[in-house]
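Using the hints, position chain B against chain A.
Going down the list, the sequences are from chains A and B.
At position 94 of the first sequence (counting the first as 1) the number is 94 in the numbering used here, and the numbers step up by one without a gap.
At position 66 of the second sequence (counting the first as 1) the number is 245 in the numbering used here, and the numbers step up by one without a gap.
Hints are computed from structural coordinates only; laboratory data are not their basis.
Quick caveat: nothing in here was measured; it's all calculated off a predicted structure.
Every residue, glycine too, gets a C-beta built ideally from N, C-alpha and C.
One should not assume that every hint holds.
What the hints assert, rightly or not - Here are the simulated DSS-like pairs of lysine-lysine, each with C-alpha atoms no more than 30 Å apart in a straight line: (1) K184(B) x K10(A); (2) K234(B) x K270(B); (3) K59(A) x K184(B).
As the list claims (entries may be wrong) - Not close to chain B: a few residues of chain A, all C-beta gaps over 12 Å, as computed: (4) L18; (5) L24; (6) T74.
Here is how the chains run, residue by residue.
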Amino acid sequence: MRPSKFNVRKLVSLSVLLALGVILNIAENYLVFFPAVPGMKLGLANTIGLLVLALFGPKEFLLIGFLRVLLAGTFSGFGSSFMMAMTGFIFSSVVTLALYSTKKFSLYGLSMMSAVFHGVGQVTMISFLYQNVLMFNYLFILMFSGILMGVLIAFLTKTLLVRVKFQGIKEVNYERNED
Amino acid sequence: MSLPKVKINKTSWDTYAFSSLIVLASILLVVLNFAFKTNDPLMVFVYVENTLIDKLDLTVDQTKTYYQVDYPVFKGDITIEIFDEKVRVEKETSPLKYCSIQGYVGDAAKPIICLPNAFYVVIMGTNYATL
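Next comes chain A alone, as it looks inside the complex (with noise of 0.2 Å):
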């Protein structure tokens, strides 16, 4: 039998961690940390992200994050809430996968420089929409936000890399080197 470059196990595992990624992205909708910012996430959808960089490469890391952003549009909407989810998830892979690539950064910067760039592309996104640079007012809070609740992403994607057992993944993709 030819070998399926695709396995069962595979997708089974990728569709559980884009299922919990739609779910974690919708249901932090509901958390607001501090009401004066509006957009302002812990961001764990991005754990999921990270796990599939980790557990099995960039290929399914850009699919795994299109997919989640294109699910949860279908149950928040496609208006412009979805625009700026898409460009912020654009902006963030592309330095994620361009960093990742350079092979010097840890889960730690990855996931900094990813939460920054999502806030990034969403306030780009927000300002074309209303032709407004008042927008980017927003940008210095979603950086300050981004770096802390990036760090703490990068601890919770370590912690269950280290501590749980991912069943039957071989493709693993990371490496434990010094601290």
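Using the frame of chain A, we list chain B on its own:
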């Protein structure tokens, strides 16, 4: 060609990235604070999509409602309140109600955005835009 592995422990490059981002965000904070500083009397500018629909005096306490009948893009009527030289969105219809949760804003150039309604208000100097 094998893919690069994701490192799970912190590297020195992460520290450089962290420091650079903190510096960049701080510079942005200072620059934006200076860029939007104004000595003009402050007004509340009300926008739907990217069109200015109203300009209100920030020194006069008032409540004003914008109706869905007049702006079909709204999901319901929107009420804004100006009180003690601050503005807030008092009532609105949206799934998550972010803009009414945000509360009062008294700083210039810090918009309150109601994304699903394509509506935003911002405090700026009188000469910022004309109706």
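Pair hint K234(B) and K270(B), alpha-carbon separation not exceeding 30 Å | holds (19 Å)
Non-interface claim for L18(A), where every Cβ of chain B lies beyond 12 Å | Given that every Cβ of chain B is farther than 12 Å from that of L18(A), nearest at about 19 Å, it holds.
Please confirm whether L24(A) is truly not at the interface, meaning its C-beta sits more than 12 Å away from all C-beta atoms of chain B.
-> Holds, since 16 Å exceeds 12 Å.
Take a quick look at T74(A) and tell me if its Cβ sits farther than 12 Å from every Cβ on chain B, holds or violated.
-> holds (14 Å)
Are the Cα atoms of K59(A) and K184(B) separated by 30 Å or less?
-> Measuring from Cα to Cα gives roughly 13 Å; hence the hint holds.
Keeping to a limit of 30 Å between CA atoms, is the pair of K184(B) and K10(A) held or broken?
-> holds (18 Å)
Violation of the numbered hints given earlier is absent; every hint is satisfied by the structure.
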